[in-house]
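Visitor: Given next are the chains, with one letter for each unit.
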Amino acid sequence: MEQVLSLINSYLGLLFILLCLGLILSFIFSDRTREKLNLRSIQAFSHFRREVDLAVEAGKRLHISLGRGNINDLQGGAAFIGLTILDRCARAASNSDRPPVTTSGDGVVTILSQDTLQSTYRSLATEQRYDPTNARLTGLTPLAYAAGAMPAIHDEHVSANILAGHFGTEVALLTEAGERSRSLTVAGSDSIPAQAVLYATTDEALLGEELYAAGAYLGAGTAHTASLRMQDILRWVLVVAIVIGAILKLLGILS
Amino acid sequence: MKKILPITNAIIAIASGVLVLLGYFFPAVRGIQSILIGWAIILAAFALLLGIFNLVMVHWKKAGSEEPGSVYSIVLLISLILTMIIVSISGPTGSWSLWVFNTFQVPVEISLLAVLAVILVYAGARLLSRRPKWNTILFLVTVLVVLLGSVPLFFFGEITPLNVVRGWLAQVPAVAGARGLLLGVALGTVATGLRILIGVDRPYGG
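Chains as they are written, first to last, in the numbering used here: chain A, 1 to 255; chain B, 256 to 461.
Partial selection, computed: residues in chain A whose CB lies under 7 angstroms from chain B:
| # | residue |
| --- | --- |
| 1 | GLY77 |
| 2 | PHE80 |
| 3 | LEU234 |
Quick caveat, the hints were computed from the structure, so don't treat them as lab data.
From the three backbone atoms N, C-alpha and C, an ideal C-beta is built for every residue, glycine too.
Could you put together the complete structure from these sequences and hints?
Guide: Next comes the structure, spelled out in structure tokens:
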């Protein structure tokens, strides 16, 4: 029995990943025939969509900040969401006079953002709009990154900023720059200190898993809505497991 | 060729991702996993060089323009070149390199930290007028209690009840909230990773 338990314990992570994968794939196939999924309203995304439309009409620019996370570790997850948002923004602003500008604090993320912009323009048959200097590395330390990204918000006719990636408390410098240039700032991060700062410094903070729902809310495809449904189900499973664990501990059954 | 390259990129990315993931669970794949991670580290270092080249390109373009802030770009380019020369001659831990770091980088970053503190205080004060809701009041009261409970006050010294409340706030509701947020972040990260692993999201131009 102990051997079976130890075997399950060592492969628990793999089982969890397979469960997630199974749920995502089943939702992708079941949602194909479904017309539209009802998502709860998140004010930040509706404001941002409106601002993207206004930016295109007014000939202004969108700024997407991908943070300073390194994709070789866990912080990269949030930067990948930023890249999805970048793709959606580049598509939405494809008619605009000023293409979106991205800033990041990691070399790999900078290259990926250039690649995302290039492949988006290629898919829209507007590759001539691609300019590698619109995807920038602004600094390699947290404060250097923030200091390098601030001029992009101030000086480049930006009407809306979306900060999606790994940040620390230095994110306040970026939200303040957005406030001063009177542009909308929608921001989310995987870091808890950054989320606390964002709650205080911006009207449109994305807390917890809200950032990871960006693809589904910005219409990035069925896979994004499917993974959102997977997250909802597993969140409830975890909530139930935590409550049962707490009750068992309270009763003295669990040590 | 235009169609083959993205498919090849996707196959390489998915295969590498699957092998690295399996390496965490099956010892037989661990050798390939460590080779792939080693390659990723080398590529990341090369990407850093490309990123610096990108930084130079952006500021070279700005320095050549007649924009109001173009002088800052010139300063950046000169600083970058001088730092590269000094570090190349003196070495990364040489005395000249450390002098550059301690004389320029550290004071500038500390100044920015000081500005950050002022911005956070100002944002806290502005929050109530911007979002007059009960949760904003709760947030500000909590901040005040934690601040007052963390430092000895002028004339009063340490106030024990505030200390106790601060300890409880930091250890019970704050930890519970942070764990809730982290669970959401963890599920989101797993979902994002899986989308890339199955090739639905291809941020590598696939």
